[in-house]
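Here the structure of chain A is known, so what remains is to put chain B in place on it, guided by the hints.
Residue numbers (this note's numbering), protein chains in the order written: chain A, 1 to 621; chain B, 1001 to 1621.
To be clear, the hints were calculated from the coordinates, so they are not data collected in a lab. Don't take each hint at face value.
Within a straight-line C-alpha distance of at most 20 angstroms, the following computed PhoX-like cross-link-like pairs (lysine-lysine) qualify [stated by the list, open to error]:
| hint | chain 1 | residue 1 | chain 2 | residue 2 |
| --- | --- | --- | --- | --- |
| 1 | B | Lys1603 | B | Lys1554 |
| 2 | B | Lys1277 | B | Lys1303 |
| 3 | B | Lys1151 | B | Lys1017 |
| 4 | A | Lys606 | B | Lys1585 |
| 5 | A | Lys49 | A | Lys113 |
| 6 | A | Lys588 | A | Lys554 |
| 7 | A | Lys603 | B | Lys1585 |
| 8 | B | Lys1603 | A | Lys588 |
| 9 | B | Lys1017 | B | Lys1197 |
| 10 | B | Lys1277 | B | Lys1297 |
| 11 | B | Lys1588 | B | Lys1554 |
| 12 | A | Lys17 | A | Lys118 |
| 13 | B | Lys1606 | A | Lys585 |
| 14 | B | Lys1297 | B | Lys1276 |
| 15 | A | Lys588 | B | Lys1606 |
| 16 | B | Lys1603 | A | Lys606 |
| 17 | A | Lys606 | B | Lys1588 |
| 18 | A | Lys297 | A | Lys276 |
| 19 | A | Lys49 | A | Lys618 |
| 20 | B | Lys1584 | A | Lys603 |
| 21 | B | Lys1143 | B | Lys1277 |
| 22 | B | Lys1585 | B | Lys1554 |
| 23 | A | Lys606 | B | Lys1606 |
| 24 | A | Lys606 | B | Lys1584 |
| 25 | B | Lys1585 | B | Lys1566 |
| 26 | B | Lys1588 | A | Lys603 |
| 27 | A | Lys113 | A | Lys141 |
| 28 | A | Lys603 | B | Lys1606 |
| 29 | B | Lys1366 | B | Lys1409 |
| 30 | A | Lys393 | A | Lys366 |
| 31 | B | Lys1384 | B | Lys1366 |
| 32 | A | Lys603 | B | Lys1603 |
| 33 | A | Lys584 | B | Lys1606 |
| 34 | A | Lys585 | B | Lys1603 |
| 35 | A | Lys216 | B | Lys1216 |
| 36 | B | Lys1603 | A | Lys584 |
| 37 | B | Lys1618 | B | Lys1554 |
Protein chains: 2
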Amino acid sequence: MLGYNGRILRVDLSEGKTWIEEPSEEFYRRYIGGRGFISYFLLRETDSKTDPLGPENLLIFALGAVTGNPIPGAGRHSVGAISPLTGGYGEAEAGGYWGAELKRAGFDAIIIKGSSEKPVYLWINDGRAEIRDASHLWGMKTKEAQEAIRKELSDEGIRVAQIGPAGEKLVRFACIMHDITRAAGRAGLGAVMGSKKLKAVAVRGSKPPKVANPAKLREISRWLAQNVERLVRSLHLYGTGAAMDIGLQTGNLPVNNFRGDPFPNVMDIDARTLKKKYGIRMDTCFACPVACKKVVKIEEPWKVDPAYGGPEYETLASLGSDCGIDDLEAICMANQLCNAYGMDTISTGATIAFAMECFENGILTKEDTNGLELSFGNADAMVKVVEMIGERKGMGDLLAEGSKRAAEKLGKGAEKFAIHVKGQEVPMHEPRLKRGLGLGYAVSPTGADHCHNMHDTALNSERIANELRSLGILEIPSVEDLGPAKVRTFYYYVNYRVLNNVLPICLFMPFDLVHKVEIVRAITGWNTTAWELLKAAERATTMTRLINVMRGFKSNDDWLPERFFKPHRSGALSKTALDPAQLKKAIKLYYLMMGWDENGVPKEEKLHELDIAWAIEKIPI
Amino acid sequence: MLGYNGRILRVDLSEGKTWIEEPSEEFYRRYIGGRGFISYFLLRETDSKTDPLGPENLLIFALGAVTGNPIPGAGRHSVGAISPLTGGYGEAEAGGYWGAELKRAGFDAIIIKGSSEKPVYLWINDGRAEIRDASHLWGMKTKEAQEAIRKELSDEGIRVAQIGPAGEKLVRFACIMHDITRAAGRAGLGAVMGSKKLKAVAVRGSKPPKVANPAKLREISRWLAQNVERLVRSLHLYGTGAAMDIGLQTGNLPVNNFRGDPFPNVMDIDARTLKKKYGIRMDTCFACPVACKKVVKIEEPWKVDPAYGGPEYETLASLGSDCGIDDLEAICMANQLCNAYGMDTISTGATIAFAMECFENGILTKEDTNGLELSFGNADAMVKVVEMIGERKGMGDLLAEGSKRAAEKLGKGAEKFAIHVKGQEVPMHEPRLKRGLGLGYAVSPTGADHCHNMHDTALNSERIANELRSLGILEIPSVEDLGPAKVRTFYYYVNYRVLNNVLPICLFMPFDLVHKVEIVRAITGWNTTAWELLKAAERATTMTRLINVMRGFKSNDDWLPERFFKPHRSGALSKTALDPAQLKKAIKLYYLMMGWDENGVPKEEKLHELDIAWAIEKIPI
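So here's chain A without its partners, still in its complex pose:
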């Protein structure tokens, strides 16, 4: 081998100590990073009894081979833990600069166990780590806390990963904010960090990682710079959310808690409108020429601070159309509150949409809502509820548990309005339209997820069709298909999306698999191939599955809310819905293609094949 490996920082907050581990090069090559690292350590070091909010849970920040190297898309990392939202494998990715900074500080991952008695933060500076008091930061919103830390350490260049008040208060869908605009949003990782009384991880590093073949990396970067406008023009101009009208027409855009009601003013919340009215510039991540991050500034009726960036598509839909809201200013304000309190915008919006439908059906009343008229379309009420959740005040305390738990507490049939999988709220893409995506929601290890998933309507685009061919998918199944050809495409393509996470490379980069293999080869010097890398992704997915099996998940947890089996009342999806029998069949076929048994439990031969025979003992008898 060639001497590529790195260092992992271990932290025990109960003991107040840190230490460093240096795994072998084989470990790095086998697990690579991101989900590969996180699932490895969670599978090894947690068990069926681990309380997601107890000190025995691990919180893992994981970079990968690519993070922080001079190549577009390298600004990514993942954070993971046993999720307080699902009880199973929890993980979320983030972009920005924090990951690259940690790489330059000499670490590939941070694994945090235990919990502190008093609030603390972690200060990592060029290979050294220190646990510092954070009592004075506790309760601060994210912008305030970031400023305080930079001031206290006298360095404006420090990169901060942190929780806001929502994480401190164990909101089950609290997120971890990086650079105060990049959320590791999903799975409630902010609550795990809060349970450990860890306010922040502040990082500074000055040593660029070694690259085996810098000329090759430069060549690929040049190719991207030359092709970025052609291949991802809309992202480059507007970021995500620039085709809301088409999403509404096809039925993909969720309206009123996925009920699919009319939403006439859809263009009011489109990213093109947003840019024109309030966009002040586009922000970007480490080494990236795409620059897809909106920055918005509003003075009235809400004061929206550009320091908090701007809303993504998921946010425009979850706090917008899914709540029946076409008030762009209110959505931007709610987005800012989510970033300041540190809450996942998808789960926040979806949980409010759930509450709105409960209100419409008399399951929640004005007595519950502190007098708010919590109807679909009420923007002021939505903004207030976001804040109530962040503070766990009034009804916010109930909703802070997420829609699944809130519905269980409310009873009275509220469950049917909770649009979640495994406890995690469904993102803003319609599985009645994108059927492979529906399969993906059902089988995703983290509960409903849109990132490591297949968007059926996009498969025919030049860019994705090209990626599919590089995987050997030569004929693209139709959007409606959910038969074996679609399942095969899903298996290969989602595995490829998981590879994006494991390397990690931002999935918005218009590289195909050929480029990605070349990037890893250029960075590490390994003679690696698409075969090896995709097997690493499959290994990671199988480890996440094993974690969920270990945590007691069964095959029937891989399922969708009943709503998706009935058509919309009007619009494009008024005559079509998912067929549960077909979905069940697709799920089983996916299990079998993955080398799992009919109940979704990975088979021994697959663990041998993936070189993780050590994990056999993790399968409950």
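Showing chain B alone in chain A's frame:
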């Protein structure tokens, strides 16, 4: 896609007609060539009742994407049919110039069905094909026939694939000779050609294939030229068979029908000795700087004609040590006879070794042998028997059926001396030493085979270890191991060896998987990856398996001769042998890793995953 595809020549000898098919680019990308093409057409167009020697059998000559392109290792092609030796999938590879010539003539494959009443040969000249009378060629040895064809067509540059007298007489291990020195040796394909009364396929072509990225091909060729001496020095100097002494020491070299008796004069038959005593030059294949083909010339006591090349390792062992013979001149003579008559040297030698052990045990007597003292070590007798088999004279008629059928006819316990798998004689590598290779003998679709197999003792060499890493095999299991780690290594590595066949690229080229993917990409313009290519290899292997299932093979046909479960009487393997229980377990685990059921039948989900759902109907109910 990019416009890469080609033409397939169809021939019906019963009807006396030829036509051309032009499959889609998707077809080419999915099946690529070699075993991919052959297994596709055999699976589609033969069935359980196809008589290997009847007109309904197909004889398929298959090039691949790489054949005939300007890159070392591109001089390969495969020939296939339902095997008269095994009754199942039959296929053999050859090098030389014939494949490249066919490519330049504008074809990627020839599929021949039916049978002619009178002897014919096929004449293919730059896109045109003609069936011509061969009555005057019938009965000729290969050198004579090649000269006659070239003379008749007035072109010394014509490349000829042909059968000799052995193929005409349906010797079950008759081969197809190319350039009279390159055998598509195994599986009895010469008998299939003979049954069709097809003496030869003569080819001339003048149009080099299109290359998408010639500069990249040149770059890779340059790399090889610079590294060939370092990486394959021994092959370059001596060809195969230059370490017979080490093979004897470790127990790998078969002696006396795999009995492992002492063989003191091993160096007498070593390739280094051969080169020194009789080597006149090294021959090479299309575009190849390795030049591993020995050319020998002997005047006495046998006249050995350099036109017939020289013996490979397999031949030196099968007609040499495995028959107890250390008479190098006799071996060279027997090799020449095999090339002239068109017989597989492995099966020829192994069948004679079988006969020698029968003779030793009184199952064959001098009455049977025409008075020959057919003892181990009797070189003169061996040479005579080779000729008798080629002519099907006397005892040669029995031995021409191969060791399995001969043993069945002889009875009296002869079966235990027939060292074959599925009817095909075992090549010259000892499975008691190389245990993964033993697994490979058992599960190979063609019966015992050493080419698409793993040589456990070589895995730690710089070259193979590098190839293994490119597949994600980071830790190499020990030679003795036959547990799950070895089975995983076998699954990945043998699939990679099958890829060599499918592309095809000569397995002696010291390219790793990274190079091979780049070569295919440069030739075709496809954005292909190791994932797609290794899946194409897996697809081919699964199709070969389906053919054998269709032909009635069962799991217990995947087994080795009893001899390998007992140690040698002396030497390195006197205390060790294969453990049948462990082998059984390894075979089952291999099935499961391949996505086959416990009986070795490919599962539906695997056929869906490999994009060959059309083949589901081929599985007998």
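Consistency of the hints with the structure:
1. B:Lys1603 / B:Lys1554: The given pair, whose Cα atoms are some 15 angstroms apart, holds under the 20 angstroms limit.
2. B:Lys1277 / B:Lys1303: Given pair Lys1277 (chain B), Lys1303 (chain B) holds - Cα atoms ~14 angstroms apart, limit 20 angstroms.
3. B:Lys1151 / B:Lys1017: Distance of about 25 angstroms is beyond 20 angstroms: violated.
4. A:Lys606 / B:Lys1585: Holds, at about 15 angstroms.
5. A:Lys49 / A:Lys113: holds, 15 angstroms
6. A:Lys588 / A:Lys554: holds, 13 angstroms
7. A:Lys603 / B:Lys1585: holds, 16 angstroms
8. B:Lys1603 / A:Lys588: holds, 14 angstroms
9. B:Lys1017 / B:Lys1197: Answer holds: Lys1017 (chain B) to Lys1197 (chain B) is near 15 angstroms, not above 20 angstroms.
10. B:Lys1277 / B:Lys1297: holds, 9 angstroms
11. B:Lys1588 / B:Lys1554: holds, 13 angstroms
12. A:Lys17 / A:Lys118: This hinted pair holds, its Cα atoms lying about 14 angstroms apart.
13. B:Lys1606 / A:Lys585: With Cα atoms ~15 angstroms apart, Lys1606 (chain B) and Lys585 (chain A) stay inside 20 angstroms; holds.
14. B:Lys1297 / B:Lys1276: holds, 11 angstroms
15. A:Lys588 / B:Lys1606: Holds, at roughly 13 angstroms.
16. B:Lys1603 / A:Lys606: holds, 15 angstroms
17. A:Lys606 / B:Lys1588: holds, 13 angstroms
18. A:Lys297 / A:Lys276: The given pair, whose Cα atoms are some 11 angstroms apart, holds under the 20 angstroms limit.
19. A:Lys49 / A:Lys618: holds, 13 angstroms
20. B:Lys1584 / A:Lys603: holds, 19 angstroms
21. B:Lys1143 / B:Lys1277: Not satisfied, since the Cα-Cα distance of roughly 24 angstroms exceeds 20 angstroms.
22. B:Lys1585 / B:Lys1554: holds, 16 angstroms
23. A:Lys606 / B:Lys1606: Measuring from Cα to Cα gives roughly 13 angstroms; hence the hint holds.
24. A:Lys606 / B:Lys1584: Since the Cα atoms of Lys606 (chain A) and Lys1584 (chain B) sit roughly 18 angstroms apart, the hinted pair holds (cutoff 20 angstroms).
25. B:Lys1585 / B:Lys1566: holds, 18 angstroms
26. B:Lys1588 / A:Lys603: Since the Cα atoms of Lys1588 (chain B) and Lys603 (chain A) sit roughly 14 angstroms apart, the hinted pair holds (cutoff 20 angstroms).
27. A:Lys113 / A:Lys141: violated, 24 angstroms
28. A:Lys603 / B:Lys1606: holds, 15 angstroms
29. B:Lys1366 / B:Lys1409: Distance ~17 angstroms between Lys1366 (chain B) and Lys1409 (chain B) Cα, so the pair holds.
30. A:Lys393 / A:Lys366: holds, 15 angstroms
31. B:Lys1384 / B:Lys1366: The given pair, whose Cα atoms are some 14 angstroms apart, holds under the 20 angstroms limit.
32. A:Lys603 / B:Lys1603: holds, 15 angstroms
33. A:Lys584 / B:Lys1606: Holds, because 18 angstroms separates the two Cα atoms, which is no more than 20 angstroms.
34. A:Lys585 / B:Lys1603: holds, 16 angstroms
35. A:Lys216 / B:Lys1216: Given that 20 angstroms is the threshold and the Cα spacing comes to 15 angstroms, the pair holds.
36. B:Lys1603 / A:Lys584: Measuring from Cα to Cα gives roughly 19 angstroms; hence the hint holds.
37. B:Lys1618 / B:Lys1554: Within the cut-off at roughly 15 angstroms; holds.
Checked against the numbered hints above, the structure breaks hints 3, 21, 27 and satisfies the rest.
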